[in-house]
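Chains as they are written, first to last, in numbering that gives the first Met the number 0: chain D, 0 to 354; chain E, 0 to 294; chain S, 0 to 317.
If you're looking for bench data, these hints aren't it; they were derived computationally from the structure. Cβ atoms here follow ideal geometry from the backbone N, Cα and C, with glycine treated the same way. Hints are supplied without guarantee of correctness; some may be wrong.
What the hints assert, rightly or not - Label-pair ranges, simulated between beta-carbon atoms:
(1) Leu78(D) / Ala9(S): 21 to 31 angstroms
(2) Ala178(E) / Gln276(D): 21 to 31 angstroms
(3) Gly72(S) / Ser165(E): 38 to 48 angstroms
(4) Ser177(E) / Gln276(D): 29 to 39 angstroms
(5) Gly158(D) / Ser165(E): 57 to 67 angstroms
Stated by the list, open to error - On the chain S side, residues computed to face chain D include the following (Cβ under 8 angstroms):
(6) Tyr66
(7) Ser211
(8) Pro234
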Amino acid sequence: MTAATPPAPLLDVRDLEVSVGKTPVVRSVSFQLAPGERLGLVGESGSGKTLTALSVIGLHRAPVRVSGGQILLNGTDLLAMRRREIDKVRGARISMIYQDPATSLDPLMTIGAQITEAIRLHEPVSRAQARNRAVELLGDVGVPSPRERLGAYPHEFSGGMRQRVMIAIALACQPEVLLCDEPTTALDVTTQALVLDLLDRLCREHGVASVLITHDLAVASGFCDKIAVMYAGQVVEQAAAADFFERPAHPYSAALLSASVDLAVDISRPLPTIAGQPPVAGSLSAGCAFRSRCPYADEACAAGEIELHSVGGPGIGGSTAGVAEARCIRPLTDNAFRGNRGQQAARLTQGVIDG
Amino acid sequence: MAEAVIAATPVRDPRRARLGIPPVSALLLLLIVVLCVCAPLVASAGPDQIDPTHPFAAATGQHWLGTDEVGRDLLSRLLYGGRLSLMVCAGSVALAFVLGTVWGVAAADRGGWVDEILMRGADIAMAIPQILFALVCVAAFGASLLSLTLITGILLTPSSARMARSVTIQETGLDYYSAGIAYGAGKIRLLSTEVLPNIFPALASQAAINAASAIILEASLSFVGLGVQPPQTSWGVLLQQGYGYLYNDPSYALAPAIMILLTILCLNLVANRLSSPGARRAARRAARGGRTVRK
Amino acid sequence: MVRYLIRRIAISIVLLIAVSMLIFVVLRALPGSPVTARLGTSQGVTQEMINRLTKSAGLDRPLASQYLTWISGILHGNLGTSYFTGQPVSSLIGAAIGPTLELTIISVALSVVIAVPAAIASARRPGGWLDGIITAVSSAGMAFPPFVAGIVLIIIFSVQVHLLPARGYVPFLTNPVQNLRDMILPAISLAVGAAPLVLRYLRNELVTSLDSNYTRTAAGKGASEARVLLRHALPNATLPSLTMIGLITGYTLGGSVIVEYAFGFSGLGALSIQSAFNRDYAILQSVVLLISTLFILVSLAVDLMSWRLDPRTRGRHG
Numbered sequence: 000m001t002a003a004t005p006p007a008p009l010l011d012v013r014d015l016e017v018s019v020g021k022t023p024v025v026r027s028v029s030f031q032l033a034p035g036e037r038l039g040l041v042g043e044s045g046s047g048k049t050l051t052a053l054s055v056i057g058l059h060r061a062p063v064r065v066s067g068g069q070i071l072l073n074g075t076d077l078l079a080m081r082r083r084e085i086d087k088v089r090g091a092r093i094s095m096i097y098q099d100p101a102t103s104l105d106p107l108m109t110i111g112a113q114i115t116e117a118i119r120l121h122e123p124v125s126r127a128q129a130r131n132r133a134v135e136l137l138g139d140v141g142v143p144s145p146r147e148r149l150g151a152y153p154h155e156f157s158g159g160m161r162q163r164v165m166i167a168i169a170l171a172c173q174p175e176v177l178l179c180d181e182p183t184t185a186l187d188v189t190t191q192a193l194v195l196d197l198l199d200r201l202c203r204e205h206g207v208a209s210v211l212i213t214h215d216l217a218v219a220s221g222f223c224d225k226i227a228v229m230y231a232g233q234v235v236e237q238a239a240a241a242d243f244f245e246r247p248a249h250p251y252s253a254a255l256l257s258a259s260v261d262l263a264v265d266i267s268r269p270l271p272t273i274a275g276q277p278p279v280a281g282s283l284s285a286g287c288a289f290r291s292r293c294p295y296a297d298e299a300c301a302a303g304e305i306e307l308h309s310v311g312g313p314g315i316g317g318s319t320a321g322v323a324e325a326r327c328i329r330p331l332t333d334n335a336f337r338g339n340r341g342q343q344a345a346r347l348t349q350g351v352i353d354g
Numbered sequence: 000m001a002e003a004v005i006a007a008t009p010v011r012d013p014r015r016a017r018l019g020i021p022p023v024s025a026l027l028l029l030l031i032v033v034l035c036v037c038a039p040l041v042a043s044a045g046p047d048q049i050d051p052t053h054p055f056a057a058a059t060g061q062h063w064l065g066t067d068e069v070g071r072d073l074l075s076r077l078l079y080g081g082r083l084s085l086m087v088c089a090g091s092v093a094l095a096f097v098l099g100t101v102w103g104v105a106a107a108d109r110g111g112w113v114d115e116i117l118m119r120g121a122d123i124a125m126a127i128p129q130i131l132f133a134l135v136c137v138a139a140f141g142a143s144l145l146s147l148t149l150i151t152g153i154l155l156t157p158s159s160a161r162m163a164r165s166v167t168i169q170e171t172g173l174d175y176y177s178a179g180i181a182y183g184a185g186k187i188r189l190l191s192t193e194v195l196p197n198i199f200p201a202l203a204s205q206a207a208i209n210a211a212s213a214i215i216l217e218a219s220l221s222f223v224g225l226g227v228q229p230p231q232t233s234w235g236v237l238l239q240q241g242y243g244y245l246y247n248d249p250s251y252a253l254a255p256a257i258m259i260l261l262t263i264l265c266l267n268l269v270a271n272r273l274s275s276p277g278a279r280r281a282a283r284r285a286a287r288g289g290r291t292v293r294k
Numbered sequence: 000m001v002r003y004l005i006r007r008i009a010i011s012i013v014l015l016i017a018v019s020m021l022i023f024v025v026l027r028a029l030p031g032s033p034v035t036a037r038l039g040t041s042q043g044v045t046q047e048m049i050n051r052l053t054k055s056a057g058l059d060r061p062l063a064s065q066y067l068t069w070i071s072g073i074l075h076g077n078l079g080t081s082y083f084t085g086q087p088v089s090s091l092i093g094a095a096i097g098p099t100l101e102l103t104i105i106s107v108a109l110s111v112v113i114a115v116p117a118a119i120a121s122a123r124r125p126g127g128w129l130d131g132i133i134t135a136v137s138s139a140g141m142a143f144p145p146f147v148a149g150i151v152l153i154i155i156f157s158v159q160v161h162l163l164p165a166r167g168y169v170p171f172l173t174n175p176v177q178n179l180r181d182m183i184l185p186a187i188s189l190a191v192g193a194a195p196l197v198l199r200y201l202r203n204e205l206v207t208s209l210d211s212n213y214t215r216t217a218a219g220k221g222a223s224e225a226r227v228l229l230r231h232a233l234p235n236a237t238l239p240s241l242t243m244i245g246l247i248t249g250y251t252l253g254g255s256v257i258v259e260y261a262f263g264f265s266g267l268g269a270l271s272i273q274s275a276f277n278r279d280y281a282i283l284q285s286v287v288l289l290i291s292t293l294f295i296l297v298s299l300a301v302d303l304m305s306w307r308l309d310p311r312t313r314g315r316h317g
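Looking at chain D on its own, in the form it has when it is part of the complex (with noise of 0.2 angstroms):
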């Protein structure tokens, strides 16, 4: 990750280490994220996907604590600021966005006085100004006649329509960057897409660079300019999305490109899945974490702890995105043996599928 960074990213997170309790749940996470750019998170439920955005923003809760790493934000490490500090970047520099837009609004305030804190607490402006941005914000957003819905109640509000408040919200004073914790997964398939279209039409009018959270690559595919695969508390491949989705460098991300739908599939066919559970947290053991759902795992997989490393030449995405990178001794990309990646794909999952 060190050849083709660029000189000064805007969020930099080391081998960030998150743990519950004595037991590690996240391992050794590493990104960058350039002033505009969109990172791509995904992985399965419990992948510590969540745990990582959360810890990022500060936002995690006991017994969950950040035990080891670096947030760089703008070359400041948010990990050695002090509550109060971090309160001026919350909000102002990073803001979030929730997976379950039903319940991140307090219930008991309105919505304008929701939006209005956001911009009280971190510019001076008057109540009046306040309001006046939360309506244009709310407009912003696609909430119909938003001067008359600022006195509204959540529970008022439909869930898309909720989550569109959560985005005036996070974006209310310009953060540089918007950690998107799967928005639009709690919502209908429909505003699904609508809400997505929003966040990336806002997102490029804003320059806001942004970590998207989804098990869902479709999604990721749609957004992101690059992809972080996280399976069992580690990042174990990260490339360009246009290359990700193209050569896929690790087996699990292979197995779960191809386990994701396609409509072009026949559907008479039972769908794809990956055989097996992921590995619990604190019984993890040296070695490949996803070896023992991997159909090309060997001894050699077990050896040791292998390092997220270089898997092919120069991408052909922009900026950070550069270099593909997985932690695989044997990445799909290297065996030219193994086939073009249908075939791989097909093997992969229907032998778990036999077995």
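Put chains E and S on the given structure of chain D with help from the hints.
The following block gives chains E and S in isolation, referenced to the frame of chain D:
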């Protein structure tokens, strides 16, 4: 995976729990009960044995807590008094347990207007502050030991009924119950062999709370002279008598006060234990013994 | 909206009527009039005297008619007269209600004033040492029946250090300072048991609220720890905890009966004990009904208040 780790809340003292040692509160409660029940064996003198030459004696080897205004041994009066207090308590709690369980389970099982009537009845009874209702009952029925026990028991019944009803509704809402009914199991049998053991910890917890209330009611009524009547002795009676001599001998009133406090504290703690999820699971296992556990 | 209001008020009225019937029926459940019960054992009482008293108290008429007389009397502000002294019940109650109301209000207020900061301190670090201490102290407090707490306080503050009066009540208007001094120990006696009830409930609600997604959102906006706690968690935790105010009012009204006796207050509690002693049902039934009514009204007020304060139940735009 984080959720899984977080969900596993630690047991306060796993070692004790594994060894099956009851909590301190339960042991202390047992000690109080045993001491009172075995008062004749423990006490150095009879509770009514007067010694006019030694009124308000300080604590000595012979009278551990000293003596009262006519030289009776305070410790033995305390223990004998405890017998009566605990007797009223036990009797009324048992009465409330039986009546309340029948009342609550019937309401939950019948549902509809029967439930409505039974539960509104409980609401009405509970709208009158307990001690005032007790005064009304004592005025109407007198203050004999028997009527005191009955009155207290009946006063505690509505809260037992509410608890029994809510846990029964919870339990019969579970799949195993409707499945049992669907398979043709008798309702009475299901209720008595499956539901009752499962709701027992909740009922026992309520009974412990009721026991604390019963101790308070007895002490309150006896304290104002409308409960246990001297020369019979209870903790409430001792409080009343000690209250008259606060300036001569504060420990006279303090001793029964401390007994009452300790008993209530232990009962509250036991009730907390019983209503905690861990205790519920344990009791369920114990109640079901080796039989197949539903899932 | 209006329907909820009407329904809730109607329930309270029905409850009140049912309570009055219950009191009335229980007092007359046993055959024999209170007059015989009271005077029957005394010496020098003639049958003629009993008859006269029975008749004058209206106790020779059928139950339903007696009940209706009582209720219609209440509605006309006439509570009847004491069976024995002949004094009007309303003036007896009028003289006794002051100390009881004052004691109840002060105790409930004191309980809340103790409970809220303690709950906040406790909820900030659930499982921490401060939480542990507060929980332990509140467990101990809950074990104190109010009058036992009163006796212990008298022993400490009146007998040992002669700081505060053990008995007596002076009306506030006569001597405000003395009145408040008289109130301190009884109010604390009641709050010792009542405050932990509010404290525990509020603490648990606060912990839930501080663990919720909306407080995380607030922290994510950059709100300080104090602001998250006071501006977001506290209102959300307080709303459901309001019901506890109704509950401790009932607890305090009941507890004050014996506490008044212990501190020599001539309030409603002392009056009800006195009339229970004398089997003066005319007084007892009205006092008990009055105190129950206060309890029911406070519960109603609290319910309506939480309904009004919660935007989810109050309906669109309040």
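So, going through the hints one by one against the coordinates:
1. Leu78(D) / Ala9(S): 21 to 31 angstroms: Violated, since Leu78(D) and Ala9(S) (Cβ atoms, about 59 angstroms apart) do not stay within the stated range.
2. Ala178(E) / Gln276(D): 21 to 31 angstroms: 29 angstroms, holds
3. Gly72(S) / Ser165(E): 38 to 48 angstroms: 39 angstroms, holds
4. Ser177(E) / Gln276(D): 29 to 39 angstroms: Holds: the Cβ-Cβ distance is about 31 angstroms, inside 29 to 39 angstroms.
5. Gly158(D) / Ser165(E): 57 to 67 angstroms: 32 angstroms, violated
6. Tyr66: 46 angstroms, violated
7. Ser211: 7 angstroms, holds
8. Pro234: 5 angstroms, holds
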